[in-house]
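Listed here are the chains, written in short residue letters.
Number of protein chains: 2
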Amino acid sequence: MLPKIGQTPYHFLFMAEKLTKRSEDYSRWYNDIVTRADLAENSGVRGCMVIKPYGFAIWEKVQQELDKKFKATGHQNAYFPLFIPKSYFSKEASHVDGFAKECAVVTHYRLKNTADGKGIEVDENARLEEELVVRPTSETIIWDTFKKWIQSYRDLPLKINQWANVVRWEMRTRLFLRTAEFLWQEGHTAHATREEAVEETELILDLYADFVENFMAIPVIKGVKSENERFAGALETYCIEALMQDGKALQAGTSHFLGQNFAKAFDVKYASKEGKEELVWASSWGVSTRLMGALVMTHSDDNGLVLPPNLAPYQVVIVPIYRSEEQFKQVEAKATELKMQLEYAGVSVHFDDRDTHKPGWKFAEYELKGVPLRIALGPRDIENGTVELARRDTLSKSIAQQEGLVQQVKETLDDIQNTLFKKAKRYRDENTREANSWEEFKTLVGQGGFVSAHWDGTVETEEKIKNETKATLRCIPLNSKQEEGQCIYSGSPSRQRVLFAKAY
Amino acid sequence: MLPKIGQTPYHFLFMAEKLTKRSEDYSRWYNDIVTRADLAENSGVRGCMVIKPYGFAIWEKVQQELDKKFKATGHQNAYFPLFIPKSYFSKEASHVDGFAKECAVVTHYRLKNTADGKGIEVDENARLEEELVVRPTSETIIWDTFKKWIQSYRDLPLKINQWANVVRWEMRTRLFLRTAEFLWQEGHTAHATREEAVEETELILDLYADFVENFMAIPVIKGVKSENERFAGALETYCIEALMQDGKALQAGTSHFLGQNFAKAFDVKYASKEGKEELVWASSWGVSTRLMGALVMTHSDDNGLVLPPNLAPYQVVIVPIYRSEEQFKQVEAKATELKMQLEYAGVSVHFDDRDTHKPGWKFAEYELKGVPLRIALGPRDIENGTVELARRDTLSKSIAQQEGLVQQVKETLDDIQNTLFKKAKRYRDENTREANSWEEFKTLVGQGGFVSAHWDGTVETEEKIKNETKATLRCIPLNSKQEEGQCIYSGSPSRQRVLFAKAY
Numbered sequence: 001m002l003p004k005i006g007q008t009p010y011h012f013l014f015m016a017e018k019l020t021k022r023s024e025d026y027s028r029w030y031n032d033i034v035t036r037a038d039l040a041e042n043s044g045v046r047g048c049m050v051i052k053p054y055g056f057a058i059w060e061k062v063q064q065e066l067d068k069k070f071k072a073t074g075h076q077n078a079y080f081p082l083f084i085p086k087s088y089f090s091k092e093a094s095h096v097d098g099f100a101k102e103c104a105v106v107t108h109y110r111l112k113n114t115a116d117g118k119g120i121e122v123d124e125n126a127r128l129e130e131e132l133v134v135r136p137t138s139e140t141i142i143w144d145t146f147k148k149w150i151q152s153y154r155d156l157p158l159k160i161n162q163w164a165n166v167v168r169w170e171m172r173t174r175l176f177l178r179t180a181e182f183l184w185q186e187g188h189t190a191h192a193t194r195e196e197a198v199e200e201t202e203l204i205l206d207l208y209a210d211f212v213e214n215f216m217a218i219p220v221i222k223g224v225k226s227e228n229e230r231f232a233g234a235l236e237t238y239c240i241e242a243l244m245q246d247g248k249a250l251q252a253g254t255s256h257f258l259g260q261n262f263a264k265a266f267d268v269k270y271a272s273k274e275g276k277e278e279l280v281w282a283s284s285w286g287v288s289t290r291l292m293g294a295l296v297m298t299h300s301d302d303n304g305l306v307l308p309p310n311l312a313p314y315q316v317v318i319v320p321i322y323r324s325e326e327q328f329k330q331v332e333a334k335a336t337e338l339k340m341q342l343e344y345a346g347v348s349v350h351f352d353d354r355d356t357h358k359p360g361w362k363f364a365e366y367e368l369k370g371v372p373l374r375i376a377l378g379p380r381d382i383e384n385g386t387v388e389l390a391r392r393d394t395l396s397k398s399i400a401q402q403e404g405l406v407q408q409v410k411e412t413l414d415d416i417q418n419t420l421f422k423k424a425k426r427y428r429d430e431n432t433r434e435a436n437s438w439e440e441f442k443t444l445v446g447q448g449g450f451v452s453a454h455w456d457g458t459v460e461t462e463e464k465i466k467n468e469t470k471a472t473l474r475c476i477p478l479n480s481k482q483e484e485g486q487c488i489y490s491g492s493p494s495r496q497r498v499l500f501a502k503a504y
Numbered sequence: 001m002l003p004k005i006g007q008t009p010y011h012f013l014f015m016a017e018k019l020t021k022r023s024e025d026y027s028r029w030y031n032d033i034v035t036r037a038d039l040a041e042n043s044g045v046r047g048c049m050v051i052k053p054y055g056f057a058i059w060e061k062v063q064q065e066l067d068k069k070f071k072a073t074g075h076q077n078a079y080f081p082l083f084i085p086k087s088y089f090s091k092e093a094s095h096v097d098g099f100a101k102e103c104a105v106v107t108h109y110r111l112k113n114t115a116d117g118k119g120i121e122v123d124e125n126a127r128l129e130e131e132l133v134v135r136p137t138s139e140t141i142i143w144d145t146f147k148k149w150i151q152s153y154r155d156l157p158l159k160i161n162q163w164a165n166v167v168r169w170e171m172r173t174r175l176f177l178r179t180a181e182f183l184w185q186e187g188h189t190a191h192a193t194r195e196e197a198v199e200e201t202e203l204i205l206d207l208y209a210d211f212v213e214n215f216m217a218i219p220v221i222k223g224v225k226s227e228n229e230r231f232a233g234a235l236e237t238y239c240i241e242a243l244m245q246d247g248k249a250l251q252a253g254t255s256h257f258l259g260q261n262f263a264k265a266f267d268v269k270y271a272s273k274e275g276k277e278e279l280v281w282a283s284s285w286g287v288s289t290r291l292m293g294a295l296v297m298t299h300s301d302d303n304g305l306v307l308p309p310n311l312a313p314y315q316v317v318i319v320p321i322y323r324s325e326e327q328f329k330q331v332e333a334k335a336t337e338l339k340m341q342l343e344y345a346g347v348s349v350h351f352d353d354r355d356t357h358k359p360g361w362k363f364a365e366y367e368l369k370g371v372p373l374r375i376a377l378g379p380r381d382i383e384n385g386t387v388e389l390a391r392r393d394t395l396s397k398s399i400a401q402q403e404g405l406v407q408q409v410k411e412t413l414d415d416i417q418n419t420l421f422k423k424a425k426r427y428r429d430e431n432t433r434e435a436n437s438w439e440e441f442k443t444l445v446g447q448g449g450f451v452s453a454h455w456d457g458t459v460e461t462e463e464k465i466k467n468e469t470k471a472t473l474r475c476i477p478l479n480s481k482q483e484e485g486q487c488i489y490s491g492s493p494s495r496q497r498v499l500f501a502k503a504y
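Residue numbers (my numbering), protein chains in the order written: chain L, 1 to 504; chain P, 1 to 504.
If we strip away everything but chain L, and leave its shape as in the complex, we get (with noise of 0.2 Å):
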């Protein structure tokens, strides 16, 4: 069964409470949605989200449709432990200062009642030996497993892939795009060559891309990271970057080039056909829950979360409409024969035939949740066979005939799907200007939006940039024209402009 996406909690039928609009509170809007629209919540443990049944289905269908393009460019799932003892990571000089230090640490084993009987408390007795972080990521315990795994090169490549839960202590936490804990998927592979190595990260980069903006309806731009940006223990890391509505960048997914790094760290080492002794060449790679919040802030209004229709629990829901018992009778027979020629279709419908809210309040509702396409049903449908479709993107509503509705079902969720990725690229590129000089620069990053400019290639002036705007370089994009200039910043020569937007 489908979510159940009617459960609103009773008490919230007598919240007429409008959604803040993204003009007054932005980031109260957001919050607004991923709590109304059921998609998470905060829980009882600081930073530690609740991932709601409604917000759950469409993170499942994140999952599905990511681990199916990776079984199919060959990856294997497996899984890893939890803890990784404390003295792994320091294997890792880089490693080490970016993820060992806000994490959960694990440093007892046992708690015991309280000597008046009311509580419990931590057992002194029962300290860990060695203390265990709760994986922020899992290179080291996975390194550590390969070392096992590979001796010859016929072990290889080894492409594993991980879904899984990991924590990172963060101080401020926003449901989704920042939480202590959340879930991703984390692939780990190895490589006899470092052409291999790199041309896996280069095709996990290019699924990611194709997936966000051809499942999720989101743009990116792919690039590569300022040294400066990179992931710890990376040679190159490869992203995607999205713009949201608020005109802040969001780094949508991540994949490494992780050189021999690990594999020194690590001791791993190959016989080579011609038996050698080799290290290995490696690749990490991410996506997390975060795409949840870049899926809200993309596509969302001022009326509530706004669904692809790929990402959709429910697709359709049917609302129907009647006064009398015998009206409702009739309405529901026609509801139950389309909804089943649309499953039929491959179409998921939802039919909301409670008898305990009114038709207002439940288009109200549907479109809170999001769901692409809304059919109502009443009488004079039923006389003259038709029915109103009202789409969620644009809100607009139209007479269909029900005679051929499910191919016009389809084509309309089809074009509500490009319909959503083309204005999120509009938006994008409406959002995205060239900078000039570091007056335009700060004017332009003040607006909002990616600022395309030249950089001289440091880390210092990077840093300044920073500091003086509070904008990061994104990425240096990928297959972008090379042409001469000067850094904005130090005037210094560049070759390429850069991206630069103030980010989550």
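Some hints here could point you the wrong way.
Stated by the list, open to error - Only pairs whose alpha carbons sit at most 30 Å apart, straight line, appear in this in silico BS3-like list of lysine-lysine: (1) P:Lys422 / P:Lys410; (2) L:Lys148 / P:Lys61; (3) L:Lys91 / P:Lys118; (4) L:Lys334 / L:Lys410; (5) P:Lys358 / L:Lys147; (6) L:Lys112 / P:Lys147; (7) P:Lys329 / P:Lys339; (8) P:Lys362 / L:Lys269; (9) P:Lys442 / P:Lys481; (10) L:Lys362 / P:Lys269; (11) P:Lys362 / P:Lys18; (12) P:Lys101 / L:Lys112; (13) L:Lys69 / P:Lys410; (14) L:Lys248 / L:Lys222; (15) P:Lys334 / L:Lys68; (16) P:Lys69 / L:Lys61.
Calculated from the structure, these hints are not laboratory results.
Position chain P relative to chain L; hints supplied.
Frame of chain L, contents of chain P only:
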């Protein structure tokens, strides 16, 4: 892509070591199969395992089938925090004793560099105000959330499932059977009435039994636990019990009727239709990666893993036999054709065309990995329009015509699935014996298997039996016949036999 079944690390090619036989050392046999068939291995973290790709592909099949069944019966997936504040456990009095003791406790949220700069250590300035427990089970955090979700009878029933990792600090661990971290699903439901909650608890018990018997081919006894063996916080624990090949029982799944205990502890009430405030009723239930252990120990033999076709990552492997490149080409063409035909019919097939391994080596490899059906194809088969079929379950070989092969393969796979179940059921039935005196009981417990005996219903007797024989009361079978009898230990009157066994 399905897991690369042939990807045994190269060094194993030189390890012609035989598997331990069950008769030599059952426990080592089990461990040999789990590790050599690439299901799982120990990690560098005490008590935590790595689930390898081949093992994880089997677990994914378990997950998919169960998830389908949960959704078909009206359950929705969600996700709750990994961490549970210590104080939550104290809210349900019996639950805290059962679960909050042997667990992983997070006390700090930061590590820092050691003074000598060579390592990292816990930052004592980053101590949590309240310790967090890594969830051993999620009743407390979920009921803390349910309080927000439930106000009215309209919010009920609430039927939630979560796929998650949990941690219980076990002192003695064994791959899949008892690990500090394991994967599972946990269902948590809330209902308006006692009857509905009991109905749900029983529905899930039936769902589990149906799944384990008909999908995993493992026969189970449905029953309820004695008070002593009940889940901490439950009024009744239902269970399914299976019998392993060494005569020890294994609890394969549990479904708990929680009464109003958690509703009371977390103050979860609903307004009834009549407007009265009522406490809600609850169930919780789960199965875990422990099922993987049951799978291995139910079907496997001295040659390795035996998989029911429903759970096999590959149901069929095709091994080419050839001496020349020309012969290989012929065989390859036919094998590819057969593979396509089989896959079109929904059978998963691996064609092992590696030239680095001899057919005999491959045969042993796929026997070890439990592939249900092996097809060998050589030049003579090409001439005669035949193939050689070898069944993993019976180790029998036969010649089959290429024409009509798809049908024969499908029938054979069905037969393997059924035969495995029947064989396991026969073993279970043959090893379930009635004891009518204390002497007889002790003798039968010594032989292994289930011992069906009268019991006086007291915890005291149960404990004494356990201390004297190591046999535990596995369950009070459902729907078993009522008969007058005397407790084999105390001689007190009893109305029904119960099942005892030594157990995992």
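Do the hints match the structure? See the list:
1. P:Lys422 / P:Lys410: The given pair, whose Cα atoms are some 18 Å apart, holds under the 30 Å limit.
2. L:Lys148 / P:Lys61: 26 Å, holds
3. L:Lys91 / P:Lys118: Distance ~10 Å between Lys91 of chain L and Lys118 of chain P Cα, so the pair holds.
4. L:Lys334 / L:Lys410: 19 Å, holds
5. P:Lys358 / L:Lys147: 27 Å, holds
6. L:Lys112 / P:Lys147: The hint holds at about 27 Å.
7. P:Lys329 / P:Lys339: 15 Å, holds
8. P:Lys362 / L:Lys269: 26 Å, holds
9. P:Lys442 / P:Lys481: 23 Å, holds
10. L:Lys362 / P:Lys269: At roughly 26 Å apart (the allowed maximum being 30 Å), Lys269 of chain P and Lys362 of chain L satisfy the hint.
11. P:Lys362 / P:Lys18: Holds: Lys362 of chain P and Lys18 of chain P sit about 15 Å apart, inside 30 Å.
12. P:Lys101 / L:Lys112: Status holds; Cα separation ~6 Å.
13. L:Lys69 / P:Lys410: 28 Å, holds
14. L:Lys248 / L:Lys222: At roughly 16 Å apart (the allowed maximum being 30 Å), Lys222 of chain L and Lys248 of chain L satisfy the hint.
15. P:Lys334 / L:Lys68: With Cα atoms ~28 Å apart, Lys334 of chain P and Lys68 of chain L stay inside 30 Å; holds.
16. P:Lys69 / L:Lys61: The hint holds at about 18 Å.
The structure agrees with every numbered hint stated previously.
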